Amino acid sequence: MWHRIWHLLVKEFLTLFKDKRSRFVVIAPPLVQLLVFGYAATFDIDRVPYAVYDEDRGRWSQAVLARLRGSPVFEEAAHLDHDAQIAPVLDRRQVLFVIHFGSRFSERLARGRQAPVQVILDGRNSNTALIVLGYLRTVLADFTVEHLHIVPPGRPVIRAWFNENLQSRWFIVPGIVALLTLVVTMVTTALTVAREREQGTFDQLLVTPITPFEILVGKTIPPFVIGLAEGSLILAVAVYWFGVPFRGSLTLFYAGMGLYLLAAIGVGLMISSLSVTQQQGLMGAFLFVVPAVILSGFATPIENMPETVQRITYLNPMRYFLVIVRTTFLADPPFALLWPQFWPMAIIAAVTMATAAWLFRHRLY
Amino acid sequence: MPSPRPEAAVRIEALTKTFPPAVTALDDFAAAVRPGAITGLIGPDGAGKTTLMRLIAGLLTPDRGRITVFGTEVAEDPAWIQARLGYMPQRFGLYEDLTVQENLDLYADLQGLAPQQRAERYAPLLAMSGLAPFTGRLAGRLSGGMKQKLGLACVLVGQPRLLLLDEPTVGVDPLSRRDLWRILDDQVRKHGLTVLMATAYLDEAERCREVILIHRGRRLGQTSPSRFLEPMRGRVYYIRTPPAVRRRLLRELLRDPDILDAVVQSDGVRVVTRHPRPPSVTDPGALPEAVEPRLEDAFVARLRAEAETLSMPEVRLSRRPRSGEREPVIVVRGLKRRFGDFYAVKGVSFTVRRGEVFGLLGANGAGKTTTFRMLCGLLPVTEGEATVAGADLRRAPAEARARLGYMAQKFSLYGHLSVQENLTCFAGLYGLRGERKRTRVAWALQTFELAPFRRQRALDLPLGHKQRLAMACALLHEPPILFLDEPTSGVDPLARREFWYLINGLAEQGVTVLVTTHFMEEAEYCDRLVILQAGEVLVEGSPEEIRRRTGAPSLEQAFIHLLESQR
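Chains A and B, in that order, give the protein sequences.
Heads up: the first sequence begins at 1 in the working numbering, then just goes up one per residue.
Heads up: the second sequence begins at 1 in the working numbering, then just goes up one per residue.
Each hint can be trusted.
Lysine-lysine pairs mimicking DSSO-like chemistry, simulated, CA-CA at most 27 Å apart: (1) 18/A with 466/B; (2) 410/B with 437/B; (3) 410/B with 336/B; (4) 437/B with 18/A; (5) 410/B with 18/A; (6) 346/B with 336/B; (7) 410/B with 20/A; (8) 437/B with 466/B; (9) 20/A with 466/B.
Hints were generated in silico from the structure; no laboratory data involved.
Treat the numbers as computed from the prediction; the structure is a model and nothing was measured.
With these hints in hand, go ahead and build the complete structure from the sequences.
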């Protein structure tokens with residue numbers, strides 16, 4: 001048995017790396033995606049353009065503006081002189097918000113009265129708008145404390161655990177480990193059986209004494225090895241290039257990744273053995289990967305999803321591994337805490353692989 | 001070189017077309033096509049036939065040389081040519097989800113045929129193609145032959161002056177082939193149509209006014225079929241033999257350097273000699289009698305003269321299958337296969353005995369491949385039973401499959417792996433190991449003359465070598481049973497001879513061979529055969545029996561007879 005599997009393995013690796021296109025698919029896109037996601041995908045805001053409409057031109061409006069100008073988060077992009085200019089700068093996305101001081105802003109403050117500051121936000125991207133608003137609130141609150149010496153009675157003192165500076169990169173980059181290993185394994189597995197069916201080599205394989213189980217093993221090991229290698233590479237880049245700390249246990253991380261890879265390979269092989277052409281295989285992989293990423297908690301928390309959708313996410317191996325990756329990166333959890341993430345992936349792997357092996361001989365075409 | 005005749009419908013001069021990096025499809029090719037007649041373009045696969053057709057149709061541009069159609073140069077005004085030309089590629093673009101009538105209407109629209117002219121144009125085409133009762137049927141639901149006839153009708157709707165046909169009759173049943181020829185003859189006679197037809201069937205080429213022989217992108221000759229036959233006079237013989245010794249005689253003849261060709265034909269062997277004298281045969285009972293040459297004889301002789309050596313692989317099995325009593329090896333009873341509401345195979349039964357070469361014949365879509373796939377265990381049986389060596393291969397343990405060699409219709413080895421890697425991979429999959437694996441792979445490389453290509457990707461091999469490699473992979477484990485699906489489709493006559501030589505050698509050593517083919521003349525090599533038609537067995541028996549039962553001189557005629565008596 002192992003003898004036949006060995007020959008199948010040699011063949012699988014040779015076809016994978018001898019074909020220029022499949023070699024490219026395995027190596028280039030993950031690297032590009034890693035850099036793009038690592039640098040581009042961030043919730044942090046930086047150099048937000050804004051416009052100033054200062055009718056006050058007094059001491060206190062200048063003090064607020066000085067704080068804004070001193071912050072790297074904001075960048076003054078325009079100076080407005082009257083109301084009619086507000087709409088155009090927001091419409092053209094020239095600025096993200098307009099800060100407006102009324103003509104009696106400083107005077108009212110000097111008299112110890114309330115002095116409102118108007119902020120007009122571009123709400124088209126609600127997420128960014130909320131983050132900008134949060135920053136602005138902090139700036140104004142600090143201004144009140146330091147310049148006016150007014151301290152609110154219940155001021156929160158915040159300390160973040162695990163991600164001390166709340167950098168979104170620390171949140172996103174570990175997620176990329178899960179995302180990219182999924183993409184790579186899906187692309188390599190979704191085509192294997194479909195390609196052989198399309199080219200007629202699968203028939204040739206099925207008439208040899210090889211059993212479906214042996215085919216399954218032979219088709220699982222190559223993407224597993226590739227997934228493991230790419231996962232490790234991304235782990236290394238995350239730690240040494242992006243400087244995300246890895247505080248948990250490597251054993252737990254790799255145990256999780258092993259199960260995750262098996263589950264993803266199982267899904268990929270199942271899709272592939274359902275397909276008769278490579279096109280169908282690729283389409284199937286695409287139809288799986290996109291919802292799997294969206295429903296994994298990679299970008300949006302699962303807890304925010306409707307109840308029914310949350311139930312669907314239990315079928316998604318990525319949701320479990322994402323928890324394992326993020327936890328082992330930033331915290332150092334005991335195994336017991338992560339156990340609920342491990343066994344569902346094992347079940348997904350077992351079911352999908354059994355289905356795939358059954359389909360090898362039973363899919364009609 | 002014929003002097004350029006002014007009346008040529010198509011004139012081709014010094015035409016060269018290369019496909020970088022390494023393929024020269026046409027090399028300084030010149031020819032002239034007579035107007036108002038059918039000209040045959042014959043040559044082995046990959047000789048450049050399709051490239052030539054596409055160049056004439058203005059779909060490709062030549063590297064050098066020129067083509068003029070009705071006095072206009074193709075390169076200068078392809079649109080003018082295309083308006084006067086009908087081109088039917090190997091797979092004609094029928095819209096399978098449209099009915100026969102809708103397809104015709106669509107092509108009439110595309111070719112700008114006025115509505116009032118349509119009825120009178122459709123009627124003869126539909127009548128001659130036998131499609132008239134089926135105008136409301138979806139094109140996708142037609143048989144292979146019907147589709148081809150509809151394709152031809154669609155091309156002819158616009159009444160082209162020049163018709164280019166690329167192997168229009170491959171895989172088509174003999175009756176449909178005859179219909180196609182009738183339509184063509186009629187169009188030529190009534191409308192003065194000029195036809196250039198590439199074909200692999202040499203009996204068809206004999207019906208052409210002129211034949212252009214093309215080989216490796218060069219013209220080997222162009223003349224009328226009868227002129228081609230002249231140098232063959234006195235060189236073609238027929239030796240009547242009893243079936244038992246035929247195979248041995250054939251192998252003996254093919255090894256003789258004075259003999260250019262030998263094939264099984266009806267009750268004997270047909271021989272082409274190098275010189276005009278009868279072949280010498282050891283068997284005193286075998287008496288060569290001179291017969292009329294056919295185009296195929298001339299064609300093979302021409303190709304062999306081009307320093308084309310036949311490679312006749314001698315396969316010696318180290319483990320011969322147990323011989324002796326001829327017990328049934330493959331038993332098929334009441335076999336059915338349904339796809340949706342359509343029965344591709346409806347109740348097929350036959351038995352193959354040990355050491356037989358058994359043919360599964362029929363046109364495309366007759367159910368050959370479906371039956372074949374069920375036997376190999378690649379497709380579940382809907383109803384009935386199919387056992388190979390006593391086991392149902394779908395349920396049998398893996399070891400049962402080790403007794404079987406399989407060669408698919410389409411090249412189905414790993415294209416990106418080298419020849420050697422493919423051989424090693426399949427040797428391993430068949431459970432060969434260690435020293436035996438090494439000797440078997442070495443055996444395959446040597447026997448099939450693949451050693452010079454061992455490091456080359458299988459994908460880049462020439463077609464004939466791909467076929468050899470596939471055969472080598474199927475024989476690595478010396479299986480007692482061999483399944484071959486259309487092993488000779490798309491292969492030139494020389495490669496077909498090599499192939500049957502090999503099969504005969506294996507059968508002599510007791511290997512049971514099940515082979516599908518749509519070449520009726522190849523069926524003569526089989527000990528017994530069934531002809532399938534629309535999923536049912538039309539006839540079963542030895543070639544002699546079938547011919548005798550129908551009183552037809554050849555199997556092809558017998559097939560036509562049987563189909564007509566069914567109609």
